[in-house]
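Asks: Top to bottom, those sequences are chains A and B. Numbering follows my numbering, with no gaps: position 127 of the first sequence is 127. If you want my numbering, it's the 1-based position in the second sequence plus 299.
These are calculated hints, taken from the structure and not from any lab test. Just so you know, even glycine gets a beta-carbon here, dropped at the ideal spot from N, CA and C. It is possible that part of the hints are untrue.
[Unchecked claim] Below, simulated DSS-like cross-link-like pairs (lysine-lysine); rule was C-alpha separation at most 25 Å, straight line:
#, chain 1, residue 1, chain 2, residue 2
1, B, K406, B, K446
2, B, K406, B, K478
3, B, K367, B, K478
4, A, K150, B, K442
5, A, K150, B, K398
6, A, K57, A, K88
7, B, K546, B, K301
8, A, K237, A, K36
9, A, K174, A, K150
10, B, K562, B, K406
11, A, K150, B, K367
12, B, K562, B, K528
13, A, K150, B, K446
14, B, K382, A, K150
15, A, K70, A, K82
[As the list claims (entries may be wrong)] Which residues of chain B face chain A? A few of them, derived with a C-beta cut under 7 Å, are:
#, residue
16, T316
17, S317
18, L319
19, M320
20, Y323
21, F324
22, Q326
23, D328
24, F330
25, P359
26, R372
27, V373
28, R374
29, D375
[Unchecked claim] Ranges of calculated distance between the beta carbons of each label pair, as one might list FRET restraints:
#, chain 1, residue 1, chain 2, residue 2, range
30, A, E288, B, P359, 42 to 48 Å
31, B, G449, A, P268, 57 to 63 Å
32, B, I500, A, I170, 40 to 46 Å
33, A, W228, B, K403, 40 to 46 Å
34, A, T115, B, D328, 35 to 41 Å
35, A, I170, B, I495, 33 to 39 Å
36, B, R554, A, D97, 53 to 59 Å
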Amino acid sequence: MFSFTKKQVIVDISGVEIGGQPGRFPTVLFGGVFFKGKPDFTTAEQHLKNMFGLGEKTGVFCVPDFFIRKEEYVEPIVDFIKHKLPKKYPFSIDIVDPTIKLQVLPVLAEHNLLTRTIYNSIHIGITDEERSVLKQYTPHTAIVVAFNPKDKSPDGKIEVLENGAHLTDIGLLKLSSQLGIKNVIVDTAALAPGENSGAAIAAIPVVKEEYGLPAGCAIHNVVEKSSWLKDFASARKTVDVSSNVNITLFGGDFAIFGPIENAEFVIPTIAWQDILVSEYTENYFGVEPIDFHPRRKFF
Amino acid sequence: MKIETCVIGSYPVFPDTSVLMDGYFRQADTFSWEPWITTAVSDMVSAGIDIVSDGQTRDPFIQLFTRKLNGCRVRDRTEIIGKIAYDGPITVDDQLFVKSFLPKTAKLKGVLTGPFTLMRSCVDSYYSDEKQIAFDFAQALHKEAEKVQGVVDMISIDEPFFSNELPDYAIELIGTITKNISCPTVLHACGDVSRIVSDFIDMPVDVLSHEFKASPQLFDAFKEFSSSKQMCLGAVRSDDARVEPVKEIVNHVQRGVDVFGDKLIQISPDCGQRLLPRKVAFDKLTNLVQAGDIVNG
Chain A
1 MFSFTKKQVI VDISGVEIGG QPGRFPTVLF GGVFFKGKPD FTTAEQHLKN
51 MFGLGEKTGV FCVPDFFIRK EEYVEPIVDF IKHKLPKKYP FSIDIVDPTI
101 KLQVLPVLAE HNLLTRTIYN SIHIGITDEE RSVLKQYTPH TAIVVAFNPK
151 DKSPDGKIEV LENGAHLTDI GLLKLSSQLG IKNVIVDTAA LAPGENSGAA
201 IAAIPVVKEE YGLPAGCAIH NVVEKSSWLK DFASARKTVD VSSNVNITLF
251 GGDFAIFGPI ENAEFVIPTI AWQDILVSEY TENYFGVEPI DFHPRRKFF
Chain B
300 MKIETCVIGS YPVFPDTSVL MDGYFRQADT FSWEPWITTA VSDMVSAGID
350 IVSDGQTRDP FIQLFTRKLN GCRVRDRTEI IGKIAYDGPI TVDDQLFVKS
400 FLPKTAKLKG VLTGPFTLMR SCVDSYYSDE KQIAFDFAQA LHKEAEKVQG
450 VVDMISIDEP FFSNELPDYA IELIGTITKN ISCPTVLHAC GDVSRIVSDF
500 IDMPVDVLSH EFKASPQLFD AFKEFSSSKQ MCLGAVRSDD ARVEPVKEIV
550 NHVQRGVDVF GDKLIQISPD CGQRLLPRKV AFDKLTNLVQ AGDIVNG
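Excised from the complex, chain A in its bound form:
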């Protein structure tokens, strides 16, 4: 278990705190809200209720991560966020398509949601248009993905944060700052099995020691990609859920754990790990858990 010599940044995202020395705050869990085709908001609302309920019961912070795959779903999904999420509660917007990224930011601004938005994500693929729109409609918080196709090791991830690995004109951290992003959290970019997938975990303490920034990843993606696990179908869910444990044990601050449907498995598992880490880090390093930490619920 870790205690970092670098002063740790604690990011307050609309009331949800993330970062700090391991054991202080619970691991923040991002549950993916995916829609196959037209958004089914009734089901999504049930999943959100379940996730928030489990979060409250265990003391783990949970953040919904909304995937938007089509331009016509931008308005209804943002409207759903505005009206169905608890007031002031943070959420993340997870968009791959650069065109939709450009479209969603002004809509979030129009609904006064940018202070609650976690922009997922800033990475080497950022376009000039995206930079321009981000400057105009700036979310308070962004996930910076430390993916470096030239070097998948923890050093490579530092390189892309520092100088963009010469794939962008400046490093992703400086870029985020120039765009006006107040809070940066670093996704250490989990890669496919066989592509140094473990480096995403190993990079977490490296990033925290180097910058003090909150760090985590979507390690579950590695499991999702595994063809090897096809031979062990009944174990897939267990492996998927338990893979997130690595993040907590390596001092990480957040896990993007995949479909929100897995919340009932992931949340108690990570709460348990948070308790484990906290017991040690308080006894050895003197890091006190916050009042609503899972360990407080345990006693």
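Could you slot chain B onto chain A? The hints should help.
Replies: Same frame as chain A, but now just chain B:
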């Protein structure tokens, strides 16, 4: 003998990061650089260049090598954190790939960043002995040269830092790389090397390559010495986006012929073209080829 046209190394083709990110989001197994190598080489071939490189599109010329050497850690800059040692082929796969589609009429130049330039560009946290760092880089580059010599038509060692500072061990250093290498070897040193021409003519390589266009005083400097070295003449600038007219290049090359006679065997840009806009780089190569045709008659 025909004066051949060639490039020095880098060419301004940069990877499409949206394609790379698409691979990341799909959790791709591999991230291929072949599309960008193909684009760079195809530009050189289309321009009519006789001796092409792979374009060095993967990385700036320092990281291209340090990323794959033991003892080096690439973060913001390259840090030396252990003993420098060869850890397997660095450029060989890319050269083999270029060979797979290069027209039979074109030749391929393998490019190694020189050991002195590598040493000066890294942050040392291990040796505290600059000379030893340079020689360990040279040993590693020699192993790369051994691997690549059977694939390429010649190997060029790129030592831009020699123009600022020529160490007293420079000849031995370059010889460490070229020893027992069977293909022709080139030493490229851009910058104004007119003060140290006498040192260059003793270098253990077959061809000397310098930036005669930006530093025309080199003509007079070389006139003062008798040399058996073959020459590659920098004939268009790499630090200026102005595309030199063909006639201007012809006059410049003719001056080279007057000084070097039949020892002038290649004409090229002054240096790598990485910092130029792609169209400018291409137009410069096209004009270089046209000028070469005129000079060759």
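Asks: Hint by hint, say whether it matches the structure.
Replies: Hints, one by one, checked against the model:
1. Between B/K406 and B/K446 the alpha-carbon distance is near 17 Å, which keeps this suggested pair within the 25 Å criterion.
2. Of the pairs offered as hints, the one joining B/K406 and B/K478 holds, with about 22 Å between alpha carbons and a cut-off of 25 Å not exceeded.
3. Our distance criterion of 25 Å between C-alpha atoms is met by B/K367 and B/K478, whose separation comes to about 22 Å.
4. For the hint linking A/K150 to B/K442, the alpha-carbon distance of about 22 Å falls within 25 Å, and the restraint holds.
5. For the hint pairing A/K150 with B/K398, the CA-to-CA distance comes to about 23 Å; that is within 25 Å, so the pair holds.
6. Between the alpha carbons of A/K57 and A/K88 the distance comes to roughly 20 Å, so the proposed pair stays at or under 25 Å and holds.
7. Proximity of B/K546 to B/K301 is assessed by CA-CA distance (about 19 Å); at most 25 Å being required, the pair is judged to hold.
8. Among the hinted pairs, A/K237 with A/K36 is consistent with the structure: their alpha-carbon atoms are about 21 Å apart, no more than 25 Å.
9. The hinted pair formed by A/K174 and A/K150 meets the criterion: a straight-line CA distance of about 20 Å does not exceed 25 Å.
10. Taking the CA atoms of B/K562 and B/K406, the gap is near 19 Å; set against the 25 Å cutoff, the hint holds.
11. Taking the CA atoms of A/K150 and B/K367, the gap is near 11 Å; set against the 25 Å cutoff, the hint holds.
12. With a C-alpha separation of about 7 Å, the suggested pair B/K562 and B/K528 falls inside the 25 Å cut-off, and the hint holds.
13. For the given pair, A/K150 sits about 22 Å from B/K446 by alpha-carbon distance, which is consistent with the 25 Å threshold.
14. As the CA atoms of B/K382 and A/K150 are separated by approximately 22 Å, the hinted pair is consistent with the 25 Å bound.
15. Taking the CA atoms of A/K70 and A/K82, the gap is about 19 Å. The hint holds against a cut of 25 Å.
16. At about 5 Å, the closest approach between the beta carbon of B/T316 and any beta carbon in chain A falls short of 7 Å, and the interface hint on this residue holds.
17. With a cut of 7 Å, the hint placing B/S317 at the interface with chain A holds, because the nearest CB-to-CB distance is about 5 Å.
18. Nearest Cβ of chain A to the Cβ of B/L319: about 5 Å, under the 7 Å cut. The hint holds.
19. The criterion of a C-beta within 7 Å of any C-beta in chain A is met by B/M320, whose closest approach is roughly 3 Å, and the hint holds.
20. Residue-level restraint check for B/Y323 holds (minimum Cβ-Cβ distance to chain A is 5 Å; threshold 7 Å).
21. Contact between B/F324 and chain A, as hinted, is supported at the beta carbon level, the nearest pair being about 5 Å apart and thus within 7 Å.
22. Checking B/Q326 against chain A: minimum C-beta separation of about 4 Å stays under 7 Å; hint holds.
23. A hinted interface residue such as B/D328 counts as satisfied when its beta carbon comes closer than 7 Å to some beta carbon of chain A; here the least separation is about 5 Å, so the hint holds.
24. The beta carbon of B/F330 is positioned within 7 Å of a beta carbon in chain A (closest approach about 4 Å), and the interface hint is therefore held.
25. Here the hint on B/P359 is kept, as its CB sits about 6 Å from the closest CB of chain A, short of 7 Å.
26. Hint status for B/R372: holds, given a least beta-carbon distance of 5 Å to chain A, under 7 Å.
27. Hint status for B/V373 relative to chain A: holds, with the closest Cβ pair at about 6 Å, below 7 Å.
28. Checking B/R374 against chain A: minimum C-beta separation of about 5 Å stays under 7 Å; hint holds.
29. With a cut of 7 Å, the hint placing B/D375 at the interface with chain A holds, because the nearest CB-to-CB distance is about 4 Å.
30. Roughly 47 Å separates the CB atoms of A/E288 and B/P359, a value that falls within the hinted 42 to 48 Å.
31. Separated by about 60 Å at the C-beta atoms, B/G449 and A/P268 satisfy the suggested range of 57 to 63 Å.
32. Hint check: B/I500 to A/I170, Cβ distance near 43 Å, so the stated range 40 to 46 Å holds.
33. Taking 40 to 46 Å as the suggested C-beta distance range, the pair A/W228 and B/K403 conforms, at roughly 44 Å.
34. A hinted range of 35 to 41 Å holds for the C-beta pair A/T115 and B/D328, which are about 39 Å apart.
35. For the pair A/I170 and B/I495, the beta carbons lie near 36 Å from each other, so the given range of 33 to 39 Å is met.
36. For B/R554 paired with A/D97, a C-beta distance near 56 Å keeps the hint of 53 to 59 Å intact.
Going down the numbered hints, you'll see the structure goes against none, and every one checks out.
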